[in-house]
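Asks: Sequence:
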Amino acid sequence: MNAFALPLALMLGCVLLELAALKWWRGQPLPWRDVILNLNSGHVLMWLCRGVEVAGFTWLYAHASLHWVDGWHPIAGWAFAFVAWDLGFYWLHRMHHKLGFLWAIHVVHHEGEHFNLSLGVRNAWLSSLTSLPFFVPLALLGVTPEMFVAVSGLHYSVQFYNHCGLVGRSGVLDRFMVTPANHRVHHGCNPEYIDRNFGGTLLLWDKLFGTYQRALPDVPIRYGVHRPTHSDNPFWANVVPALQWMGLRTPLLQRDTRATPAGWIATGGVLLFGVVIDYVRTDGLWPGHWQTVWFALILLLTLALGGLSDGRTWGRWLWPLLALALPVLMIGICGAGDALSDTLAVALGLHGLACGLWHVLRAESPLSSSPHAESR
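Just so you know, we're using our numbering here: the sequence shown kicks off at 1076 and counts up by one.
Quick caveat, the hints were computed from the structure, so don't treat them as lab data.
Even glycine gets a Cβ: it sits at the ideal position worked out from N, Cα and C.
Mixed in with the good hints there might be a few duds.
Per label pair, the in silico range of CB-to-CB distance [claimed, not checked]:
id, residue 1, residue 2, range
1, Val-1421, Trp-1147, 51 to 57 Å
2, Arg-1101, Trp-1147, 43 to 49 Å
3, Thr-1388, Ala-1154, 54 to 60 Å
4, Gly-1363, Val-1403, 33 to 39 Å
5, Leu-1091, Ile-1150, 52 to 58 Å
6, Gly-1363, Asn-1265, 46 to 52 Å
7, Arg-1437, Glu-1267, 31 to 37 Å
8, Lys-1173, Ala-1078, 33 to 39 Å
9, Arg-1297, Leu-1248, 20 to 26 Å
10, Lys-1173, Arg-1324, 39 to 45 Å
11, Leu-1432, Val-1233, 42 to 48 Å
Within a straight-line C-alpha distance of at most 20 Å, the following computed DMTMM-like cross-link-like pairs (lysine to aspartate or glutamate) qualify [to be verified]:
id, residue 1, residue 2
12, Lys-1173, Asp-1270
13, Lys-1282, Asp-1270
14, Lys-1282, Glu-1267
Taking the hints into account, I'd like the entire structure generated from these sequences.
Replies: Here it is as structure tokens:
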């Protein structure tokens, strides 16, 4: 089993448990369309780019490293890697806010208007590729690829936690670490909070370089950006800002949230993320060509679910077709064998079938075209 599958499953579990707590303890509505967009923005294509980032770091270490750090005592080497990675992240994060083409990549993370753990999953597809240059010094100084992967995983876990909507202040930790209270400020679109608190784990860099800002009691934080992309499709969420930066024409995007209730989006999105986790779990167990087909199908399902969430007609038909294609691929062509994979594939296929039938019946209902239906 791929070692990354269990952390991903725990991450999804934490997202769902936090949403339940925010609903039942805080009385907050469940922003399912936003949550599913967050999850859809943070998997297969982004992980593919993450693999390219690690491969690039490994190549630099093998061909250009001075091999200083890897010759130190292990404690010193790991401590250096931890601190140096955090410093590199501070500057890559700051530059992704300051340079237009990098902001066009990063802005998808800031378009989320609800602060919860799912926002920590919402990342740009290409972010790993544009992050690599800021970690080149680590490879040159002798931080091994194993240390790089382990340290970055630790930092990303902290950053995931820092999007927790349940945690208020963290006591003494707020003074020297990036905590949810400190990171909320970073996501504010208020003038007082824009381009502040870039740190990932340690608050040292923001205080050292003059970008630290505490939450002001008289300035409530407003999340999001001033020019959001009006789509729940991760394709447009990642592409439109880049088109705008290049001065190219962008499509006129509008959501029709009445077309498909949020419950269909929520269940479909969670099932799809489960399939993604299973794809990671079984990596290398399938023949190479089927692994590629599975990857492509998951990517297409991600885009189809985005179209379904936006209320697009093509999404209402493509989602059921692709969802039904998954169990056909998994069981009918590749052959049954893995109970978990087969169960997830069948569950997603049944969801697609039920969702498609619901839209057919709704279209045939006289109420669906009445003025009363439009106002529901």
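Asks: All hints are to be evaluated individually against the structure, with a verdict given for each.
Replies: Results of checking the hints against the structure:
Distance hint for Val-1421 and Trp-1147: a CB-CB separation of about 52 Å, consistent with the stated range 51 to 57 Å. A beta carbon spacing of about 47 Å between Arg-1101 and Trp-1147 agrees with the range 43 to 49 Å that was offered as a hint. In this structure, Thr-1388 and Ala-1154 meet the distance hint of 54 to 60 Å, their C-beta atoms being roughly 56 Å apart. For Gly-1363 and Val-1403, the Cβ-Cβ distance of about 20 Å falls outside the hinted range of 33 to 39 Å, so the restraint is violated.
Roughly 38 Å separates the CB atoms of Leu-1091 and Ile-1150, a value that falls outside the hinted 52 to 58 Å. Under the hint 46 to 52 Å, the C-beta atoms of Gly-1363 and Asn-1265, about 50 Å apart, fit the expected range. Separated by about 46 Å at the C-beta atoms, Arg-1437 and Glu-1267 break the suggested range of 31 to 37 Å. Our hint of 33 to 39 Å for Lys-1173 and Ala-1078 holds, since their Cβ atoms are close to 36 Å apart.
As the Cβ distance of Arg-1297 to Leu-1248 is approximately 25 Å, the hint placing it in 20 to 26 Å holds. A hinted range of 39 to 45 Å is violated for the C-beta pair Lys-1173 and Arg-1324, which are about 26 Å apart. Distance hint check for Leu-1432 and Val-1233: the Cβ-Cβ separation is about 44 Å, which falls inside the suggested range of 42 to 48 Å. For the proposed pair Lys-1173 and Asp-1270, the alpha carbon gap of about 8 Å is at most 20 Å, so the pair holds.
For the hint pairing Lys-1282 with Asp-1270, the CA-to-CA distance comes to about 13 Å; that is within 20 Å, so the pair holds. Among the hinted pairs, Lys-1282 with Glu-1267 is consistent with the structure: their alpha-carbon atoms are about 16 Å apart, no more than 20 Å.
Consistency note: the structure conflicts with the earlier hints numbered 4, 5, 7, 10.
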